[in-house]
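Number of protein chains: 4
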Amino acid sequence: MAFFTNLLEESVIVKIGFVGIGQMGVGMVGNLLKAGHEVTVFNRSAEKIRPLVEAGAKAAARVAEACHGAAVFTMLADDAALESLALGEDGIVRHLGAGALHISCSTISVALSERLAAAHEGAGQAYVAAPVFGRPPAAAAAQLFVVAAGKPAAVAAAMPLFEAIGQKTFVVSDQPQLANLVKLSGNFLIGAMLESLGEAMALAEKGGVERRTWLEVMTSSIFNVPVYKIYGGLIAERKFEPAGFAAHLGLKDIRLALAAAEALRVPMPLGSMVRDRFLSLLANGGDALDWAAIGQLPAKDAGLG
Amino acid sequence: MAFFTNLLEESVIVKIGFVGIGQMGVGMVGNLLKAGHEVTVFNRSAEKIRPLVEAGAKAAARVAEACHGAAVFTMLADDAALESLALGEDGIVRHLGAGALHISCSTISVALSERLAAAHEGAGQAYVAAPVFGRPPAAAAAQLFVVAAGKPAAVAAAMPLFEAIGQKTFVVSDQPQLANLVKLSGNFLIGAMLESLGEAMALAEKGGVERRTWLEVMTSSIFNVPVYKIYGGLIAERKFEPAGFAAHLGLKDIRLALAAAEALRVPMPLGSMVRDRFLSLLANGGDALDWAAIGQLPAKDAGLG
Amino acid sequence: MAFFTNLLEESVIVKIGFVGIGQMGVGMVGNLLKAGHEVTVFNRSAEKIRPLVEAGAKAAARVAEACHGAAVFTMLADDAALESLALGEDGIVRHLGAGALHISCSTISVALSERLAAAHEGAGQAYVAAPVFGRPPAAAAAQLFVVAAGKPAAVAAAMPLFEAIGQKTFVVSDQPQLANLVKLSGNFLIGAMLESLGEAMALAEKGGVERRTWLEVMTSSIFNVPVYKIYGGLIAERKFEPAGFAAHLGLKDIRLALAAAEALRVPMPLGSMVRDRFLSLLANGGDALDWAAIGQLPAKDAGLG
Amino acid sequence: MAFFTNLLEESVIVKIGFVGIGQMGVGMVGNLLKAGHEVTVFNRSAEKIRPLVEAGAKAAARVAEACHGAAVFTMLADDAALESLALGEDGIVRHLGAGALHISCSTISVALSERLAAAHEGAGQAYVAAPVFGRPPAAAAAQLFVVAAGKPAAVAAAMPLFEAIGQKTFVVSDQPQLANLVKLSGNFLIGAMLESLGEAMALAEKGGVERRTWLEVMTSSIFNVPVYKIYGGLIAERKFEPAGFAAHLGLKDIRLALAAAEALRVPMPLGSMVRDRFLSLLANGGDALDWAAIGQLPAKDAGLG
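Chains as they are written, first to last, in the numbering used here: chain A, 610 to 914; chain B, 610 to 914; chain C, 610 to 914; chain D, 610 to 914.
Note that these hints are calculated values from the structure, not bench results. Be careful, since some hints might not be right.
Treat identical chains as interchangeable: a pair holds within one or across any two.
[Said to hold, decoys possible] Capping the alpha-carbon separation at 25 Å, the derived lysine-lysine pairs in PhoX-like fashion look like this:
hint	residue 1	residue 2
1	LYS848	LYS624
2	LYS909	LYS848
3	LYS643	LYS624
4	LYS760	LYS838
5	LYS657	LYS624
6	LYS760	LYS848
7	LYS760	LYS815
Whenever a hint applies, use it, and build me the whole structure from the sequences.
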C-alpha cells in the first residue's frame with residue numbers, strides 16, 4: 610500500500626479529516642494542527658468548529674469533504690452517530706479514497722467496530738480502531754492514552770498521528786475491534802472503582818471518619834494514582850456538576866461492555882451491579898450528572914443524605 | 610501523663626514490647642531495633658523469635674515480660690488471638706504499667722478495638738489502634754503506611770515508633786476503633802479491585818486479548834499504581850502460591866468490614882460479592898492460595914480453564 | 610369492525626391460521642381443532658405439521674396461506690423468527706386481510722410487540738399480544754394461562770380462541786406490548802425462584818439435609834405449588850435433560866426482561882444475577898440443558914460436585 | 610428412657626411448660642390447652658400471660674417452674690433470649706428433670722442449637738429442635754408447619770404435642786440443628802421471593818401495568834399459593850404496618866442463614882442481596898415495618914415514589 614509508505618516517509622505534513630468536534634475532539638484537533646497537519650473538520654453543529662478554523666483547520670460542510678486526505682479521524686458520542694456518518698449513504702466508507710485510513714477513536718461497541726472493519730476492507734480502505742483514555746483536559750494537553758488495533762501497516766501509518774494526540778500508544782491486536790474491547794473493559798474498571806469508593810466512603814462516613822480524611826489516607830498510600838484521587842474527590846465533595854463525562858454515557862459504555870461480554874458468554878456480576886447503579890441514578894433524575902455520581906448511591910442506601 | 614512527656618523528651622531509647630512475630634512482625638521489630646529501641650518480643654511459637662534475638666531483641670517467655678516497658682505492640686492474626694493475649698487472665702491489660710501504651714497493629718474488628726480501648730482506659734493505660742497497609746517486604750523495608758487513632762497524647766507518644774516502621778502515618782480520629790474501620794475499608798477496596806480485575810481480564814481474554822497485554826495497557830495508563838500492577842500480575846500469571854496474604858485471611862477481613870457495616874446499617878453489595886467469592890474459593894480448595902486468587906473465579910465462570 | 614361482530618356471533622367455526630409448530634404450537638393447534646375451528650398451519654420445517662394434518666389441519670406451503678382467515682396465531686422461538694415472518698416482505702402484515710386479527714403468543718420483546726402493533730394498525734388489521742404461561746404438557750391439555758392485551762374489541766374477538774387453548778385468560782391492558790411485559794416479568798420470577806432454590810438447596814445439602822427431603826418440606830408447606838415442585842424436583846434430581854425449556858431460551862427471556870427494564874430505567878439486580886447465571890451455564894457447556902440447570906450452579910460454587 | 614414410653618402410652622394429659630409468650634406463643638399454648646395438656650407458662654413480661662391463665666394455664670414466676678413437667682417448649686425472639694433462659698445460671702438446662710424434653714421452636718442459629726443439644730445431652734435430658742413455619746393467625750388456628758429434628762425417641766415423644774399445634778410435622782434429621790438450618794433456608798426463600806416480587810412489580814408498574822392487576826395474574830396462574838398472594842399483596846398495597854414480622858427480625862434470620870452458610874462455605878449471593886436490602890430498609894427508617902417492605906425498595910431505585 611503505497612500510501613502508508615508515503616505517510617511514514619514524508620511524515621511532515623499530512624492532510625487529514627476529523628469528524629466529531631466535542632469536548633474531546635476539539636483538543637485532539639488542536640494538537641494535530643500543532644503537529645503541522647492539515648486538518649479538515651466536520652461537525653453536525655457547525656458553530657463548534659469555529660475556534661478550530663481560527664486555529665488553522667478547514668471547515669467541511671459535508672462528511673465527504675473530510676474524507677479527501679490520507680486519513681480521517683472519527684470521535685463521536687455513540688454507535689448510532691458513527692454508524693450514520695460512516696456507513697450511511699453519504700458516509701465515510703463511500704467517500705474515503707482507496708488505501709486511505711479511517712481512525713476510529715469513539716468508544717463504540719465491539720460489534721460495530723467489526724462491521725466497520727469489514728466495510729472498509731470491502732472498499733479497499735484501511736481501518737484502525739483507536740479509542741483513547743483521558744478526559745477533556747488530557748485531550749487538550751496531548752496526554753491521552755491511545756489503545757490501537759488493526760493491521761500492522763495501518764497501525765504503523767497512524768502512529769505519527771497518535772503521537773500528536775497522546776502520551777502513549779498501546780497496540781493490542783491486529784483485530785481492530787479488540788481495541789474497543791480493551792477500552793470498554795477499562796471503562797468498566799473505572800465504574801467498578803466508583804462503586805467501591807462509594808461503598809467504602811459510606812462505611813467510613815457513617816462510622817465517623819470524614820470523607821476527605823478517608824480519601825486522603827487511601828490516595829496517599831495504596832491507591833496513590835490520579836484516577837482514584839480525581840473521582841474519589843468528586844464523590845467526597847459531592848461535586849457532580851458540570852459533568853466531565855455524563856452519567857448516560859457511563860451507562861452506554863457499561864452496556865456496551867456487557868453486550869460484548871454476553872456475546873462472549875462472560876458473566877460480569879460487578880459489571881451488572883454498576884449498570885444497575887446507573888439505571889438507578891438516571892431513574893432518579895441524574896441525567897445531567899457526572900458518571901461519578903453513582904458513587905453517591907451507596908451513601909443514600911445507608912441513609913446518609 | 611508523665612510517661613508520654615518522658616517518651617517524647619528522651620526519644621532516644623525506649624523500652625518496648627512486641628507481641629506477635631509473624632511475617633509482618635519480624636520486619637517491624639527489626640526496624641524498631643535499628644532505630645535504637647530495646648525490644649522484648651513474645652510469640653507463641655518461640656523458634657520464630659530466634660533471628661530477632663540474634664539482632665538484639667530480648668525473648669519473653671510470657672506475655673507479661675513484654676509488658677514492662679513504655680509501650681507494647683501487638684501484631685496478631687485475628688480477633689481471637691489478640692483477645693486472648695490482651696484481655697485474657699494473664700494478658701496485656703493485666704500486666705501493662707499504669708500510663709503505658711498498647712499499640713494495636715493487627716487487622717481486627719471494630720468491636721474488639723472498642724473493647725480494648727475501654728479495658729485499657731479502665732486500667733489507667735493508653736491505647737492506640739494503628740493497623741498498617743503493606744505486605745511483608747514493606748514491613749521489612751520500613752515502608753508501611755500506618756493508620757493511627759487514639760487520644761492525641763497517646764498518638765503523639767507513639768509517633769516516633771511509627772516513624773521507625775513506616776513511611777507515613779495518618780491520624781484519622783481520636784477514637785481508636787476508627788483506625789480499624791479505615792483499615793478494613795481499605796482491604797475491602799483491594800478485594801473489590803481483585804474482582805474488577807478478574808472480570809475485566811476474563812472479558813479481554815475470552816475476546817482474544819492476552820491477559821498480560823491487557824494488564825500492561827491498564828497499569829501503564831489510568832491504573833499506574835503498584836497495587837494494580839502487583840495483584841493484576843498475580844491474576845494474569847495465575848500465580849497464587851506461595852500466598853503473601855492467604856485467602857482465609859482475606860475472608861476474615863471482608864467479614865470484619867461487613868460486620869462493621871452491618872452494625873452501622875451500611876449495605877455494601879460489592880462487599881457482599883467479594884465475600885461470596887472468598888467462600889467459593891475456599892469451598893473449592895483454595896485455602897492455601899493468596900487472596901488474589903478470587904480474581905481467577907470470573908474466568909472460571911466464563912468457561913476459561 | 611364487522612369482522613369482530615361476526616366472529617362473536619357465529620362463534621362456531623372460525624377459519625384461522627397458525628404459524629410456528631413447536632412443542633407448544635402442536636398442543637395449541639390440537640385444541641383449536643378440537644374446538645371445531647378450521648386451522649391452516651405453517652411451519653418452516655414441514656414434517657412437524659404432519660400429525661396436525663392427520664388431525665384435520667390444512668398445511669400451508671407459505672405464510673400467506675395461513676393468513677386467509679379471520680385470525681392468525683403466531684408461536685415462534687424469538688424476535689428474529691417472528692419479525693421475519695410477520696414484518697418480512699412475504700409476511701403476515703402483507704397478507705392478512707383488512708380487519709383480520711394477529712394473535713401473537715410468542716415470548717418476544719416489548720419493543721417488537723410495539724412495532725407489530727403499529728404495523729398492523731397501519732395495515733388496517735387488528736393485533737393482540739397473548740403470550741402464555743405453561744409448558745408443553747399444559748399446552749396439550751388446554752391448561753395454559755393466557756396473558757392478553759390489545760384494543761378491547763380485538764381482545765373480545767379473540768376470547769373464544771383463548772378459551773380453546775387455556776384454562777384462564779387475563780386481560781391486562783389495551784396496549785398490546787404490556788402483555789409481553791407481564792409475560793417477561795413472570796419468566797423473570799421463575800428464574801429468580803430457580804436461583805433461590807439452588808442456593809437454599811446448596812445450603813441444606815452441605816449442612817447434611819438430603820435435597821429431596823428439603824424440597825418435600827418446602828413444597829408441602831409454604832411453597833405448595835407446582836412451579837416450585839416441578840422445578841425444585843429437577844434441581845434436586847439433577848435432571849436437566851431433555852430440556853423442557855432450553856437454557857439459551859431462558860437467557861433470551863431474561864435478556865428481554867432486562868432490555869425492557871433498561872428502557873424504562875428500572876434496575877433489577879436479581880434479574881442481572883439470573884442473567885449472569887445463564888451466561889455461566891452456557892459458557893460451561895449447558896446449551897442443551899433445561900433452564901432449571903442454573904439452579905445447580907450455587908452447589909458448584911459451594912464445592913458440591 | 611422411661612419417660613418417652615410413658616408419654617406415648619398415656620398420651621392423654623401431659624404436664625408441660627412453655628417459655629416465651631409472644632404473638633406466636635399465645636396461639637401455640639392455646640392449642641396445647643385445648644388438646645388437654647397442663648401448661649405452665651413463663652414470660653418475662655407477665656401481663657402477656659393473663660389471657661392464657663384465664664384459659665387454664667398456670668403462671669410461672671421463674672423459668673424453673675416451667676421445667677417440672679415432661680417437656681418444656683421455648684418460643685423466643687432470638688439467640689440471646691434463648692441462650693439466657695436455657696443456658697443461663699437459673700435456666701432450663703439446670704432445672705429440667707432427667708429424661709425430660711426441651712422442644713425448641715424459636716428461629717435461632719444453627720450454632721446455638723448445637724450448643725443446646727450438647728448441654729442437654731450432658732445433663733441427661735432430651736432436646737428436639739422444632740422451628741415452625743406460619744404467622745400468628747396460623748399459630749392460633751393450629752395450622753403451623755413443624756420442622757423437627759432430634760433423636761428418634763425424643764422426636765416420637767414430641768409428636769403428639771406437634772399435632773396439637775400444627776397441621777403437619779416434617780422430621781428432617783436426627784441432628785437437631787438441621788431443623789434450624791431448614792427453617793433458616795425457608796426464611797431465606799421468602800426473602801428471595803420478596804425481592805423478586807419487588808423487582809417484577811417495579812418493572813410492570815413503570816411499564817404501565819397496575820400492581821394489583823399484575824399480582825392477580827401471577828398468583829392466579831403459576832404462583833397460585835398463599836405466600837405469594839399475601840406478601841405480594843402487602844407489596845402491591847404498600848401496607849407494611851402493623852408488622853406481622855418486623856424487618857429487624859427478617860434481618861436477623863437472613864443473617865443467621867448467611868452465618869450458617871459461611872460456616873459451611875456456601876456462597877449465597879441472593880442471600881447477600883436480601884441482607885443488603887434489609888440494611889438499606891433499616892438505615893432509612895424501616896424498623897417498625899413488616900419485612901415485606903424490602904419489596905418496595907426496587908420501586909424506589911426505579912424512581913417510583
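Note to self: Check the structure against each numbered hint from earlier and tell me which ones fail, lowest number first.
What the structure shows: Violated hints (numbers, rising): 1, 4 and 6; every other hint is consistent with the structure.
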